[in-house]
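*Asks:* Using the sequences and the hints given, assemble the complete structure.
Sequences listed follow chains A and B, in order.
With this note's numbering, letter number 251 in the first sequence gets 251, and the count goes up by one each step, no holes.
With this note's numbering, letter number 344 in the second sequence gets 344, and the count goes up by one each step, no holes.
It is possible that some hints are incorrect.
To be verified - Computed from the model, here is a short list of chain B residues facing chain A with C-beta under 10 Å: (1) Gly44; (2) Leu107; (3) Val109; (4) Gln117; (5) Ala142; (6) Val146; (7) Gly148; (8) Ala149; (9) Asn184; (10) Phe192; (11) Cys302; (12) Gly350; (13) Gly367.
Claimed, not checked - Covered stretches of chain A (chain B as the covering partner; in silico rule of three or more C-beta atoms under 8 Å from a C-beta of chain B): (14) 48–56; (15) 101–107; (16) 429–441.
What the hints assert, rightly or not - With a cut-off of at most 20 Å between alpha-carbon atoms, the simulated DMTMM-like pairs for lysine to aspartate or glutamate come out as follows: (17) A:Lys235 to B:Glu336; (18) A:Lys235 to B:Glu127; (19) B:Lys55 to A:Glu3; (20) A:Lys242 to B:Glu127; (21) B:Lys194 to A:Glu198.
No wet-lab data here; the hints were simulated from the structure.
The beta-carbon is built from N, C-alpha and C at its ideal position, and this holds for glycine as well.
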Amino acid sequence: MSELKATPKAIAGPSNFLDERLGGANFLKRNLRKIFPDHWSFLLGEIALYSFVILLLTGTFLTLWFKPSMMEVAYDGSYAPLKGVMMSEAYASSLEISFDVRGGLLMRQMHHWAALLFVAGMTVHMLRVFFTGAYRKPREINWIIGVLLLTLALAEGLTGYSLPDDLLSGAGLRITEGVAISLPLVGTYITFFLFGGEYPGEDVISRFYSLHILLIPGILLALVTAHMVLMWVQKHTQMPGKGRTNQNVVGAPFYPAFMAKAGAYFLFTLGVISGLATFTQINPIWLFGPYTPADISAGSQPDWYMGFLEGSLRLMPPWEINLFGTANAGTLPLSVIIPALVPMGIIMTGLALYPFLERWVTGDNREHHIADRPRNNPHRTSIGIAAMTFYGVLWLLGANDEIAANFHVSLNHTTYAGRVLVFVGPALAYLITYRICLGLQRSDQAIVSHGVESGVIKRLPHGEFIEVHTPPSEDIEAHMRGKEPVPMLPVDEDSSGIPPKGMRGPLGKLRGRMSRAYGGEKIPLDDGHGHEHEDEHAAIGSGGSDDRSITH
Amino acid sequence: MTDNEHEIEQPDERVPKRVIGTPAPGTSMLGTAETTEADQDVPGVTLQDPVKARKAEKIVALCFTITFLAAIAFIISYVYFQVGSPEATGTSNLALGSSLTIAILGLAVGIVIWVRQIMPKYSLIQERHTMASDEADRDVVAETFVRGANESGFVKHKLLRRTLLLAAAPLGLVPLVLLRDLDNSRMPGARFNKELRHTVWGTKTKEGKPLRLVVEGTGQPIRAADFNSPGGILSVVPEGYQHDLNALAKATLILIKFRPEEIKSGTRLNWTHDGIVAYSKICTHVGCPAALYEQNTHHILCPCHQSTFDAADGAKVIFGPAARPLPQLPITVDAEGYLIAQGDFEVPVGPSYWERGDAEAAAREKGGQA
Chain A
1 MSELKATPKA IAGPSNFLDE RLGGANFLKR NLRKIFPDHW SFLLGEIALY
51 SFVILLLTGT FLTLWFKPSM MEVAYDGSYA PLKGVMMSEA YASSLEISFD
101 VRGGLLMRQM HHWAALLFVA GMTVHMLRVF FTGAYRKPRE INWIIGVLLL
151 TLALAEGLTG YSLPDDLLSG AGLRITEGVA ISLPLVGTYI TFFLFGGEYP
201 GEDVISRFYS LHILLIPGIL LALVTAHMVL MWVQKHTQMP GKGRTNQNVV
251 GAPFYPAFMA KAGAYFLFTL GVISGLATFT QINPIWLFGP YTPADISAGS
301 QPDWYMGFLE GSLRLMPPWE INLFGTANAG TLPLSVIIPA LVPMGIIMTG
351 LALYPFLERW VTGDNREHHI ADRPRNNPHR TSIGIAAMTF YGVLWLLGAN
401 DEIAANFHVS LNHTTYAGRV LVFVGPALAY LITYRICLGL QRSDQAIVSH
451 GVESGVIKRL PHGEFIEVHT PPSEDIEAHM RGKEPVPMLP VDEDSSGIPP
501 KGMRGPLGKL RGRMSRAYGG EKIPLDDGHG HEHEDEHAAI GSGGSDDRSI
551 TH
Chain B
1 MTDNEHEIEQ PDERVPKRVI GTPAPGTSML GTAETTEADQ DVPGVTLQDP
51 VKARKAEKIV ALCFTITFLA AIAFIISYVY FQVGSPEATG TSNLALGSSL
101 TIAILGLAVG IVIWVRQIMP KYSLIQERHT MASDEADRDV VAETFVRGAN
151 ESGFVKHKLL RRTLLLAAAP LGLVPLVLLR DLDNSRMPGA RFNKELRHTV
201 WGTKTKEGKP LRLVVEGTGQ PIRAADFNSP GGILSVVPEG YQHDLNALAK
251 ATLILIKFRP EEIKSGTRLN WTHDGIVAYS KICTHVGCPA ALYEQNTHHI
301 LCPCHQSTFD AADGAKVIFG PAARPLPQLP ITVDAEGYLI AQGDFEVPVG
351 PSYWERGDAE AAAREKGGQA
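*Replies:* In structure tokens form, the structure reads like this:
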């Protein structure tokens, strides 16, 4: 086996051609060996990225056969149970893709699975970024791009889900209409414009189609590109560890290691999606029949990412207000408006604003390139888990009919329980998470200042038994020592009891109080009793003077 | 430290290799620690043991060969397995999907082994720089901006600036204006909500007769005398509109036969015929068809969000997010004994909207005066 001594001619020629026209060598010189830090959690966003690529590929395949038309035709394909049934061309062509195009069913199922994985990948990636504080300066813009991507992905899912025009997708469309028409003042206008008149009309499929295959994916593609470029320019965050500082990146170079790993990871995502599409049936539209507003199948469930909206609609008590009585105006269907807008609003707005709120509370204006361990910012972690619980309760209640049926409990009771849990759950989650974070910090403190249990029991001269503790390995200790106190505003009052400037008004006082609660060091790493008592131990156990061991 | 203590104490080996929640020591992501340090000429790049690398090469080659074979199997499956019936499609899907999956995973596994066992282990360090530009650069940009703004005359020429803004404002409205005809009916926007108040039940047939109630699916008209088993339920659509989805989205009914004594005060008796009651099937929450009926309790349940209505008592809401009862349709029989609509619903059906108002109260007022 021989090694390369120079660039092979086949590559040098074209490279030279390009460089003379684009000057790419200057860029490649700096970027070919760009360093990418390694951590399993950094791979979550890549799932979403690769799913998006797979969506574009499989989606393009589907467009070659799909007819976005609501014109009624008699089905004449190879699925016998529906032969001769009147249906829209959209549904007929979806059946054609499923039964009469070789590989069509595979591509359709891959497209659907990839969509589920796309949103799931984005969600877990977002949680990772949130819990490690990787959204902090200078990455706030990329964080907001991410929130936009997530919102658009939901819209993309909704429009795509409606296209096959089967009975199940029609139920989703009907709910969309019911929500749109409930909006104050503009509701009827929005629905008449969207559906080209009264629901369902004959336009919505072709309109959703152009949104689904052109407008939204176009924006998604642009934002994904911006997301990648910003990540590239700002360099990836890294977990705390040996030799890793806020001023460096430690890891593997883009070329060749990271590039190959990323390629393999794309293939894994593709392989898993293709395996799911092979062995796991998804959205068997031929079983549902064509859409008619007069019918519905029981146990209708949306795709998973719409579940939380479904759940909030189910939880809501029947509130409706008529502001002006019997006048033809002023109806506020709160039992639709609130669940459709408020949870989504809380979650998306909360996500978008969090970096700025946190900066306002902590007064922290520094750049951060070392990711926090979630335990080391207990309030942030608790807020995140509380939000997840809120989302999770809504999501679970989106399937309360299935829960009631499978666990033999009263459907009504699941709803009543959900109405309580949606408020109590997040509060409990907050408290529990906060305690767990502090507990984990204490365990870090014990390991850093006190060592790791070695399993060696030693008998001291006077008869006492002790277990020898040894310091943790360098890597582990460096990882733990990456902790830094959550920054806090200078909130302390001066000698005459006057709070610092900017913290005197009601808002300022609130800010100061929040800063004091949110910031600061709760469990300092080096305050463990191991250090305090070290001398004492050494005095008692003469054997404790081993330079590698700290005894207890 | 004494010698005999050394004999019993081997803390180094007994230290756990890893504490849960912390990363594995070293760069174990890229393979085990058995490597040769001898070849190392670049710091942070640890070359793999050539013997191990050669072994790995064989595994990688095997993976790539599997991919080669599976990809060929895919092409053969495409030609061999035809589609055209659900069974054939299933077989084709299985053959194509599994060969594709194996081909892709083979390639993926091969590359990962290549990276982890043949490529060196890396722990390279790159410097970061603060994102903010140099103060000097910022000053230059600021200066350039001011100079350009002045050169352009945008600041000095007030009239230019103001008319430009004036010009831009209506231009921004153009895309919005263009969307006005999204509504294909071209009716004035103020009439939208009036459309929602009516269903086809208020119209007559070509012969000028009221519409008959027909069974959804079969299109059979319903003779009241034949619909006589108490507890019976039918999904009903208007005669002549069985395939008009827009009409169905508002006019679909749920028809229930009661024993006379079961009907409670909420139901308008003069709108029923011989214990047969017709309610709108379109849920008043967000418009799903409220399709489920429980005979014993007379509950109509919407499967979407579980709004539950008491069919014996004017379909009033007894559970769930719907705020209003399902509107009742006045029905009677024609000369031949078939069920027909007396007229349209008194209140709008389906989900609420801003211009709806308290139509039930309005109807009660009207009824009181009459």
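*Asks:* Run every hint past the structure and note whether it holds.
*Replies:* Cross-check of the supplied hints:
1. Gly44: Constraint on Gly44 of chain B satisfied, holds at 8 Å.
2. Leu107: holds (5 Å)
3. Val109: With Cβ-Cβ at 8 Å, under 10 Å, it holds.
4. Gln117: violated (12 Å)
5. Ala142: violated (20 Å)
6. Val146: violated (26 Å)
7. Gly148: Check failed: Cβ of Gly148 of chain B comes no nearer than 25 Å to chain A, outside 10 Å.
8. Ala149: violated (25 Å)
9. Asn184: Holds. Min distance 4 Å.
10. Phe192: Check passed: Cβ of Phe192 of chain B comes within 4 Å of chain A, closer than 10 Å.
11. Cys302: Holds, because the Cβ-Cβ distance from Cys302 of chain B to chain A comes to roughly 8 Å (cut-off 10 Å).
12. Gly350: For Gly350 of chain B, the interface hint holds, since the closest Cβ of chain A sits about 8 Å away, which is under 10 Å.
13. Gly367: With Cβ-Cβ at 13 Å, over 10 Å, it is violated.
14. 48–56: Coverage by chain B is violated here, the residue count being 0 at a Cβ distance below 8 Å.
15. 101–107: Result for this restraint: holds, n = 6.
16. 429–441: violated (count 1)
17. A:Lys235 to B:Glu336: It is violated: about 82 Å lies between the C-alpha atoms, which goes past 20 Å.
18. A:Lys235 to B:Glu127: holds (10 Å)
19. B:Lys55 to A:Glu3: holds (19 Å)
20. A:Lys242 to B:Glu127: holds (15 Å)
21. B:Lys194 to A:Glu198: holds (11 Å)
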